[in-house]
Amino acid sequence: ETGVTQTPRHLVMGMTNKKSLKCEQHLGHNAMYWYKQSAKKPLELMFVYNFKEQTENNSVPSRFSPECPNSSHLFLHLHTLQPEDSALYLCASSQVVGEEWNTEAFFGQGTRLTVV
Amino acid sequence: AQTVTQSQPEMSVQEAETVTLSCTYDTSENNYYLFWYKQPPSRQMILVIRQEAYKQQNATENRFSVNFQKAAKSFSLKISDSQLGDTAMYFCAFMKSSNNNDMRFGAGTRLTVKP
Numbered sequence: 006e007t008g009v010t011q012t013p014r015h016l017v018m019g020m021t022n023k024k025s026l027k028c029e030q031h032l033g034h035n036a037m038y039w040y041k042q043s044a045k046k047p048l049e050l051m052f053v054y055n056f057k058e059q060t061e062n063n064s065v066p067s068r069f070s071p072e073c074p075n076s077s078h079l080f081l082h083l084h085t086l087q088p089e090d091s092a093l094y095l096c097a098s099s100q101v102v103g104e105e106w107n108t109e110a111f112f113g114q115g116t117r118l119t120v121v
Numbered sequence: 169a170q171t172v173t174q175s176q177p178e179m180s181v182q183e184a185e186t187v188t189l190s191c192t193y194d195t196s197e198n199n200y201y202l203f204w205y206k207q208p209p210s211r212q213m214i215l216v217i218r219q220e221a222y223k224q225q226n227a228t229e230n231r232f233s234v235n236f237q238k239a240a241k242s243f244s245l246k247i248s249d250s251q252l253g254d255t256a257m258y259f260c261a262f263m264k265s266s267n268n269n270d271m272r273f274g275a276g277t278r279l280t281v282k283p
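From first to last, the protein sequence lines stand for chains A and B.
Take the position in the first sequence, starting the count at 1, then add 5; the result is the number in the working numbering.
Take the position in the second sequence, starting the count at 1, then add 168; the result is the number in the working numbering.
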């Protein structure tokens with residue numbers, strides 16, 4: 006247990022479904038991230054939230070919609086996904102202190118998403 | 169943009185022996201952080217070791233050590249006395265020290281420790 010919890014662990018959804026992934030961190034961090042991990046590809050940074058404000062959106066399709074209601078919770082809302090969106094979605098958190106210091110990222114166990 | 173390259177998709181090592189995983193990166197930054205993460209079959213990404221670019225001394229954590237060559241932009245991980253529990257995917261990662269929160273990962277190396 007690293008202090009970052011993701012639910013559900015596994016999710017199978019149809020292309021017309023709407024679902025949400027949840028991430029909760031118990032580390033008191035002020036930054037949270039969504040990463041996509043596909044087979045044989047580097048982890049892709051999707052979204053970054055600093056102090057609840059989105060600071061990065063790496064050209065992610067609009068069918069992925071993040072939400073960060075507070076510094077401890079992060080959601081990824083999914084709508085009309087494609088089969089190629091099937092992947093492991095990892096949530097992470099870190100502590101940003103000033104402009105030039107950041108702790109390493111602490112990861113959850115991920116949600117294995119399959120789009121059928 | 170920063171890129172991280174791990175040229176070894178898969179490696180294997182006999183238990184108790186030493187193995188070195190390679191990582192190179194490309195950046196124009198002078199200050200940054202480098203990391204090695206381990207992802208076992210449980211999928212949990214776990215930090216193995218961290219290196220600040222301004223530090224010349226190579227980081228070590230028990231059986232894990234790095235060879236950080238800043239001029240060559242190389243950051244290899246050495247695992248000594250390999251154990252069966254070291255079997256996992258290993259990811260090299262880069263993060264700028266300014267305007268950070270953008271941690272870039274390599275594609276990973278799958279390490280198998282054989283009994």
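Treat the hints with care, since some could be wrong.
Said to hold, decoys possible - Below, computed lysine-lysine pairings styled on DSSO-like, alpha-carbon distance capped at 30 angstroms: (1) B/Lys282 x B/Lys264; (2) A/Lys27 x B/Lys241; (3) A/Lys24 x B/Lys241; (4) A/Lys23 x A/Lys45.
Claimed, not checked - Chain A is nowhere near these chain B residues, computed Cβ spacing over 10 angstroms in every case: (5) Val181; (6) Gln182; (7) Gln212.
Worth flagging that the hints you see were computed from the coordinates, not collected in a lab.
Note that the Cβ used here is the ideal one computed from N, Cα and C, for glycine as well.
Results of checking the hints against the structure:
1. B/Lys282 x B/Lys264: Roughly 36 angstroms separates the two Cα atoms, so the pair is violated.
2. A/Lys27 x B/Lys241: At roughly 37 angstroms apart (the allowed maximum being 30 angstroms), lysine 241 of chain B and lysine 27 of chain A break the hint.
3. A/Lys24 x B/Lys241: violated (42 angstroms)
4. A/Lys23 x A/Lys45: holds (27 angstroms)
5. Val181: It holds; valine 181 of chain B is separated from chain A by about 21 angstroms at its closest Cβ, greater than 10 angstroms.
6. Gln182: Nearest chain A Cβ is 25 angstroms from glutamine 182 of chain B, so the label holds.
7. Gln212: violated (5 angstroms)
The earlier numbered hints that this structure contradicts are 1, 2, 3, 7.
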